Structures are given as structure tokens and as C-alpha cells.
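Engineer: Those protein sequence lines, which keep their order, are chains A and B.
Throughout, the working numbering is defined as the position within the first sequence, counted from one, plus 8.
Throughout, the working numbering is defined as the position within the second sequence, counted from one, plus 6.
Treat the hints as calculated values from the structure; they're not laboratory data.
There's no promise every hint is true.
To be verified - Label-pair distances were calculated between CB atoms; the ranges are:
no.	chain 1	residue 1	chain 2	residue 2	range
1	B	Q10	A	R285	19 to 29 Å
2	B	S57	A	Q193	32 to 42 Å
3	B	S44	A	N266	17 to 27 Å
4	B	S44	A	P408	48 to 58 Å
5	B	E22	A	T218	47 to 57 Å
6	A	R285	B	E22	21 to 31 Å
7	B	D37	A	D427	50 to 60 Å
8	B	P33	A	K169	42 to 52 Å
9	A	S282	B	E19	24 to 34 Å
10	A	A346	B	P33	45 to 55 Å
11	A	P520	B	E23	26 to 36 Å
12	A	P375	B	E22	47 to 57 Å
13	A	N266	B	S57	55 to 65 Å
Small disclaimer: the values here were computed from a predicted structure and weren't measured.
For each residue, glycine too, the CB sits at the ideal point set by N, CA and C.
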Amino acid sequence: MPSTDRGLVTGFVKSVEAHDRRPALEVGESILTYAELAARASDLAATIRTFKPGTQPVGAVYGYRSVAAYAGVLGTLLSGKGYVPLHPHFPPARTRYMLMLSGADTVIVGAEAAAKLDQVLEGIDRQLLLICPDTTDVSPFRERWNKHRFVGAGELVRSGKLVVPDRVNTDACAYMLFTSGSTGQPKGVPVSHGNVGSYLEYISKRYDITPEDRASQAFQMTFDVSVHDLFTTWSHGACLCSIPHRQLMAPARFIQDNRLTLWYSVPSVIMFLSRMRMLKPGMFPTLRMSFFAGEVLPAGLASQWQAAAPNSIVENLYGPTEATITITHYRWTPDSMARCLNGNVPIGTVFSTQKAAVVDENLRPVPDGRPGELCLSGSQVARGYLNAPEKTASQFVHLPGGGDAIWYRTGDRVIRDPDGCIHYLGRIDLQVQIRGYRVELQEVEHVVRRAAGTELAVAVPYPVRDGCAEGIHVFICGRADDVVRKRVLTECGRRLPDYMIPRSVQFRDMMPLNSNGKIDRDVLASSLENV
Amino acid sequence: MTDQVHVRAFIIEQLEEYAKARAMTLPDIADDTDLLESGLVDSMGFVELISAIERRFNCEVDFGQFCSDNFTTLGGLVASVVSPCAA
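Bound conformation, chain A alone (with noise of 0.2 Å):
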């Protein structure tokens, strides 16, 4: 596939070539063109080349919401590498786990995040080169860490031009991302150039993107919806907007001055604006198209989105990290009310270009109507997760009778109308999900039984909407213990991301059981009600 021949920066190259002089990038105080953009992107490329000539698959990318975060991105790609974005504000223990897991050999970091990098090398033996383009002085970094090789600002190595990868496979990591493990640690999913060449080829001719376009850049590195932000804009000659962190929750000014065209968040933001009473119809005239994924999307938020921006096309999209961004859609129309299922707009129907079945318990088909697993096939659909076969075994299967097609278990309950819309019911297992993150309360329960000494500690999201919590509360089995619970909060706030850490940490004498013996969650739940 000749799309696909550098693979994901394919779009942004072919955009350097044909619009140098456009905005690609404004983030901060600063505005890059295609051609400065490229420039530090390829200065990266070339210095990771030099120093360390493709020894490992990817190379990281530790940053947030900066010049050296989106350009490390590009440069890691620009090297031939896939990209692993890594979150400053994650604990570094998760951060230096996923370093690892990863296989990464080199760091891209960013200035905002310099000042967490002592912790996360703490303990690492692989070698690692760490480019900081921000750092002026990095003698303090190599006296501390003299295994590793430090490349400071004045040290990067000039290109003088774009730096391209040579012809990259299909089946070669673009990106890695990492979603929540019942084993108490993340799992990481790697998503190839082919697999994110199909998404990317799918939208191009789905949405008219062109060059005059401002899009949105909402979605923190680490979710793989923000991919879409990136390389669609970047593919089309457009300019990607980087929202500031304290703008993300209320971006409704951040649209209005910067005039977006693209908008794509999480359906929280319309649920936190239009809580503070702060959007208002018309408000934002210059949208043309909004997305929103990552949670259920209430019919009211969709109705009070499209008053806001009446000359935008609102559509929701749904699809799991390991079956590349998003692979259903549903368009909001004046008509959608009714299409409804439980107030929330449908998840619609799966791209034309990919596969999907609504299954029982025993991977057989049920009939259009009736609830099941939603499972997916395609070209979007990822390999499997790294260097854990059983799990992916017991996700990517072959259905009965289906022949050789790989089918990605969701774990999500849907119900899909004769027309093939389909609807979203709930997680299936216990996972469910926060602020857009999927969290498996059992990697909850992990930290906390540690903390805590305990067998037996409960994690609970409440309160649930449709398989979306506000945040998660524990119970542990013993008496009251202050000492304890702060103990708790302190390991949960050293090991798991803010959206994972309890809201409340509660003692329960003796655990509420249901008819099978399990404990009875919904009791646990049902008790926080008078908290």
C-alpha cells in the first residue's frame, strides 16, 4: 500500500512538501509551520539516528502540550521508530513501567517533564539515550545517571532537511499505548503503520479536511484518540490547536479565540460547560465538525452541542485502543432523539471498511435486538497486547464457524438494531470507565491490598452511568484505621494516574455477599448514597 510507505508520517511529510509555509503546530506562546515543525522534528530524527541507529522498534516520547512533546512525536517517527507517549503528571513508578515494558531505547523529553526524570530512571539497567532539546545543561543529568547517554539543546544533531524514514512495514509498530490490566499492571497494545494506514485512509475520505482547517488538540497523548487529532490534521496541511491544561475542562473561549474549525473531546467537556452554564447557542459559529468519543455521549449534551454550533456536524464515535481509535459512527441529526436507546445517542454503525458481530457468552451470533458482546474484525484491529499471549489469547479469537478472521472481544454489552446502528449498553466485566479512561477496578484493588496489608479490599465506581463512573471509592475488609487509609491514598497516589485514585477509602467489618457468594458490589455501592 503505497499510503502507508513511511507509514504514519506519510500525510505529514507530503504536507511539508505542499504547505511549508502553513501553521501546523500552535501550542503555548508558539506557532510552527509545516517547515519549522519539520525542522525539530528531523534534528530529533537525525540524533536519535546518530546516536542510536534503530536498535529498538520505538522510542518514547515523555511531554505534555509542548513544542518538544508533538515534535519528539514526529522525530521518533521521522527516525523510523513507533512512538510510546508518556504523561508527565503519571506517577513516575506507571511512567518508568511502561519505559520498560516497552522496550523503548530512547527518551525524548520535554522541559515540563525534566523535572520528574530522576524518578522514573531510578532502577532502570537498559541503557537509554535521552534527548532533551529544552535542556541547555544536562552535566547534571550524566553525573547522576552515567549509564545513560544525555543529548542536551546544543547537542542535537542538525539534519538541514526533512529526514524520512526508509520504507516502513505495514506490520511495524507505529504507536504503543497502554490500557488499564487486571493483573494490577498496564497492558500495552502496539498498533501498526497498517492498522492506523486503514483508520487514517477511512477518515481522509469520510471528512473533507483541508488546509484552512484549525483543529482541536483536546486529548491527552496517552489516549489513542489524540493520534487522530495529530496525523488528520497533519495529513490535510491543516493546524492542530493545543489546548492549555487549565482550558481543557472549559475550552469554550479557547474555541472562540482561536476560531476552530475541528473539534474533538470526551462528552464531558459539553456536560462541564454546560454545567457552569457556559455554552450557549451560536456560541461557536466557526465549527464545522465536532466529534466526541472516549464515553457515553447523553442525547441532551448532543442537542445542546449542535444548538452551540449550528453549522457543525456532530457525530459520536466509539472504538477500543486495540482496535485503532475509533471504528463505529453515528451522525447526531434533528431526528436522532428518537434513535435513542437509555437518553444516550447510539454508537452507530462500524466503518464500511471493517467487520463487526454481536456475540453471547459462547462467541455466537445473537439475533439483531438482543443484547451481546460487540466483537471486531478488520484492519484496524492490533495484533495482541505485548509479551502477554494468554491475554491476548483470551481477546483476539476466532469465532465459530467464522474461518480464519481475528475477532477482538470488546467486553462491551451492545444492542445492534436491524439497520446495523448499534447501541451501547455497559463493560461487561468489571471494568468501567473514568473521565474517558478505561479503568479495571481489579489494578484499584491490586494497590490498595498492598497498601493496606489486606486479602480483601473492594473498589467501587460510583456513581455509574452506563458504564461510566465519576470515581472510584474502596472498601477494606478490618476495622477503622486512619493510619491505614492514609496509607492507602499515599500508595495509590505514587502508582496510579489522579482519575484511578479513590475518592474515599471506607471499613467494612464483614463484606456484603449476594445469592452467589460474591461480593455484592451494588450494596457496597448502594451505601455510598448516604456518604
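Got chain A sorted already, so can you dock chain B onto it with the hints?
Structural biologist: Same frame as chain A, now just chain B:
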């Protein structure tokens, strides 16, 4: 009109409660401290805070009327509760 001093004190009180529930102590905060960015509250916590303010002072805060976008700072929040369009 609600008094600035009272609103400010009430917000600090709420933040202290929120910090206590997370086994943290509230650091010193100034008028330009951004409550979200500093991690003192998350977005849900911020919404809860607004609800608490509205209950306590029996008012409806309309941030759409508020001319500045610094309403997530302590000072900005106080101003938006006390006099929405004066800032």
C-alpha cells in the same frame, strides 16, 4: 450582594475538606492559584465546589456571563460568584 471575604473563606473551607478526604493537607493558596491546574480539585470536584457555593449562598453562578476565563483560579472564582460581569 455576597461578600467576597465570605465566599473566599467558604471556598477554602471546602478545599480543606476535599484535601482531607484525600489524606492531604491544603497548601497555601493565593488568588492566582488555579484550582484545577494545581490539582487541588479535579473537574468533578470543581463542579461539586460550584454546587456547594450555590447551595451555601443561595445563588446561581452563570459563568457564561463572566467576562474573564480565569474562573478556575481562587480569585477568579470568588469574583465570578460575587459579581459576574464586573471583572
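Engineer: Looking back at the hints listed earlier, which ones does the structure fail to meet?
Structural biologist: Of the numbered hints, just 13 does not hold.
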